[in-house]
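A.B. asks: Each chain, letter by letter, is given below.
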Amino acid sequence: MIRKCLNALGTTALALAVGTAGAWAQSITIAIGSEPSTLDPQLRDDGGERQVNDNIYETLMARKADGALIPGLAAAAPERVSESAWEFVLREGIEFHNGEPFNADAVVASVERIIDPTNKSEQLAYLGTIVSAEKVDETTVRILTDGPDPILPSRMYWMKMIPPQHAQSGNLDEQPVGTGPYKFVDWQHGSEIRIEANEGYWGGAPEIDEVTYRFVTESGTRLSGLMSGEFDVITNLLPEYTSAVPKFAAVEGLETSVFILGADNALTSDPKVREALNLAIDRESMAKNLFGGYATVAKGQPVNPKAFGYNPDLQPYPYDPERAKALIAEAGATGKTLRVNGESGRWLKDREQIEAVAGYWAETGLEVDIVIEEFSQYLDSLMGDGPRPDSIFLANSNELLDADRESTFLLHMNGPAYSNSDTGLTEKLSKARTMIDEQERQALYHEVYEYVRGQNYLVPLFHLQDIYGLSERMEWTPRVDAKLLVSEMSVTE
Amino acid sequence: MGSYILGRLAQSGLVVLGVTTVVFIVTRVFGDPVSLMLPLSATAEQKAAFAHQIGLDQPLLAQFFAFAGDLVTLDFGESLWQRRPVIEVIADCLPNSLLLVSVALAAATLMAVLLGAIAALRPGGVIDKAISGIALLGLSMPQFWVGLLLILVMSVYLKLLPSSGMGSAAHLVLPAITLALTPLARQTMLLRSSMIDELNKQYVRTARAKGMPFARVLIVHALRNTWIPFLTLAGWEFILTLAGYSVVVETVFAWPGLGLTAIQAIQRGDLFLVQGVVFTIAVLIVTVNIVLDILFRAIDPRIGLN
Amino acid sequence: MNRRDTPPLLQIKDLKVQFATRAGIVQALRGVSLAVRPGETLGLVGESGSGKSVTSQAIMGLISPPGEIIEGQIEWRGQPLVGAQHTAHGAGIWGKEISTVFQDPMTSLNPLMTVGAQIGEVLTHHLKMTRAQARRRSAELLAAVGISAPERRLDEYPHELSGGMRQRVMIAIAIACEPALLIADEPTTALDVTIQAQILELLVRLQKELGLAIIFITHDLGVVAGLCHRTSVMYAGQIVETGESDFIFEHPAHPYTQGLLGSTLRLDVSEDELLYIDGLPPSLISPPDGCSFRPRCPLASDICRKAPTHAMTGGGTAACWHAKTPAWDGMDR
Ligand SMILES: Nc1ncnc2c1ncn2[C@@H]1O[C@H](COP(=O)(O)OP(=O)(O)OP(=O)(O)O)[C@@H](O)[C@H]1O
Ligand SMILES: [Mg+2]
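Chains as they are written, first to last, in our numbering: chain A, 1 to 493; chain B, 494 to 799; chain C, 800 to 1132.
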């Protein structure tokens, strides 16, 4: 304790000296919302860990900034060699930062480590279908799934490749070693993590030499750190502050807000009522007033626009309050009570969205009863075994950028949050999960979401944009997948 | 004295056990750590496996006995959020909090003695009114707000001090000031009023009549008699600051201490870490109380050992 | 040498003290003058609230806000000691040459300091003694005021002592530097009767041994008669009569003094003959003009609306237009 205090005092002079000597030409500071719980890239589902390790580690598949899936450490897109096996050919001549070669053995080791039940990896939520990996030759690997898995290439975007030797004998928790454009420097618990450019990176050395990550939970503090010049990049900037910061960048992210309607509930089982609920909302006005325009009105479906299976031909629900009122009257539901469940503080402007929507619904003649729950109770309402809520709010995140995510989570009768008993729908969704032909699969999702739109099982609202605050000198176009890839950033000075 | 301390320790042990028991019950009865910890898309099997892994599928009573048994060896289990022993997490963040809180409270206490004593010299005078007014203002300003205001002025506009994080003494300044304000205000008010009381007492007259220099009357005679209420408050402030205010201040200034850890543990449903934090705070509270008790006995001969 | 010829140790001239309170300005002292000569005992008597303690506080420089000396002078050996506008020159005099014993021994000592420390600090401060010297001397002083096992007592705290012992400690502190003047403000009021007598005896003995002058403040006229060379009678912030004690007790000139004596239980007067002075002392916030005893005085006449001058009595002066006139029925004086 005392040593720690002395240390803190001792480093002051140093910090001040460095601070006044002018910033290192090519070093930047990024403020992230939480400190990584570990720097092991395979164990946790942890935003802070990802934001750092995305720069150190790489994956077989990568994505372009707009979300398009491209080969990463793989030399080309994988080939499907059987119903449940995909074959990846690897890039040659790549080394980990510690000199270990990246090859088929490394891939097999990475796969085996992450699916090893004793490691209890939280990332299995994205990788659950994988059963094993086989080395074919030095640069070829087969990955086997428990059944036909069309999304496997997308899944591989989530599996970071680790050096087998270091994983065995080193300390992966504290000493990350990858193949990526940045190398780990040090981690001062509680205060910062530093990484530096990997000059020998196979894709070419990155422009920015050094990056310091700082952990700042409070968004107001991140904002003031940006404005005081301490930070160059901050995450989760609120729309209302875009005018205050030196620079900002917004991109449509992974999250979509939506209400699930209880299609079996007394009131909401009436299709007229469900249709009325969709027609009653002025989404354009909400996007403007709540999000300052940094949200896109969903086109009649909850699927992320960048995801496989998104139906670009669907239209947003129109705003037609008269028709909504008429429908409620026709259904004989005027004056009946609609319960609106939700939570507060988990997602951007969640409570504001819930209250605004409930306000529109109240104008149809329904009585609206808003129930904002504590988060774990809310989760129980969302996914528990109890009676389904009439309507429940949710911001759904699609990390795999595949319509399977929304479908399974919101609609499929084996999923956690479905509120219908439409067996026909579930059948179709099951089929889409394992369909081999991409074209057919895409067509099926298009069909499904046109049908769901007609049934009004869901009330899709917005695709939310991620907004980043940047310092004056930063040049960066943020990515759809919310990754902070420093190699894509540059500094003008 | 020895048996007295033993008795106190036993009593304190009971208090700590009581507090942790309550926390145990509260964390089990309300909230569902399993669904909080796992991603939304986790399947029922994954949840069951996780519950089994952390022992939450056991009957409550069995969980409690396991928990109490581990307590004895300071084993709070593994943090669900950080995946390392709770005791390690606490050992990492507690010193940071202690550093911040001690600096803040030491500064607050010194200032409070100074300001309180000055104000008490002429109750109702201009200086007293100014000091009391500022103290009241300090009490009515929420720390969250003060913190952001300080950041705005000192970091954003003047660019004098870093707005967040830990690492140098400069980093300590703003959070320490923010944390110090409320205790400073309260301690100043208390010292002022007890000093006024003491200065009006007969023994102070005696001391003045004895021709003692004013400074000696003030410091050796009157001030010493304000110590007991003052230290009682100071101890209370220490606990309040460590267990309460530090949550807000550490969050605002991204100071990696116990408060920031606690709030994140709660948000993430990390019940083992929450238990560990509460246990630590309970231990600190009884420690502070015992230390105060011993100090009181050293200060005031009238407080007997029984 | 006759005491009258020696210059006074302490001289108070026309002292006016007031306290600003919520209710208004309390005129606690309204022109008090008195003098004390070396070795002399002056009794200061008067009913509660008449200003006796305020007088002693003024001498000791203890009047602090909301109190204020607004007029007058206190001189010590001919030099200014305390004056208006908070002027004070008592450093090195208070506690050394003038000391005081207060009424309540239970609260007069610092509860957190040992007896030894409380005596010792006077010695180290005024006499520049070392701690060891101070300790030795403190023990001697405790012995001198009649405390047994003084060495042991030095390390005790006030709460370990009885009231009488504490008052002895107070006296030990007061005489520590062998002062020229001791102000004893009702030193026995809080003690029970046998202890009272012992303390009085102690004061008398010390006065003889050390040649102290004493201002003895009390309600107890019996004590004054037995102890004091001269007596001043206070009423409503003023001294209404001063004189040789022997003379005043035989021939009280001021109606208030007469009344005070008449209301005192004495051996030669039976209880049902005791006098009772009707009415209450005047408010010091708005005292009556002229003689302040006028509202209660049987002799009051028109002239009493003017402030009385000091008439000579045989052994002193009395501030009364009707001095020396017997005021109360049934009293043969
Ligand atoms: N600190 C003070 N604030 C306000 N008024 C005061 C203060 N001290 C004394 N007085 C007033 O001055 C007047 C004289 O008080 P003082 O204590 O001298 O009376 P006293 O003659 O000593 O009476 P007693 O016999 O009860 O001790 C009283 O009316 C009292 O109310
Ligand atoms: Mg008195």
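No lab work stands behind these hints, which were simulated from the structure alone. All figures in this text were calculated on a predicted structure; none of them were measured in a lab. Idealized CB from N, CA, C, for every residue including glycine. Some hints could be false.
[Stated by the list, open to error] The following label-pair restraints were derived from C-beta to C-beta distances:
(1) 706/B to 876/C: 16 to 24 Å
(2) 832/C to 733/B: 31 to 39 Å
(3) 932/C to 706/B: 18 to 26 Å
A.B. asks: Hint by hint, note whether the structure agrees.
C.D. replies: Hint by hint, here is what the structure shows:
For the hinted restraint 16 to 24 Å between residue 706/B and residue 876/C, the CB-CB distance of approximately 22 Å keeps it satisfied. The given range of 31 to 39 Å is broken by residue 832/C and residue 733/B, whose C-beta atoms sit roughly 58 Å from each other. Look at residue 932/C against residue 706/B: about 20 Å separates their beta carbons, and that is inside 18 to 26 Å.
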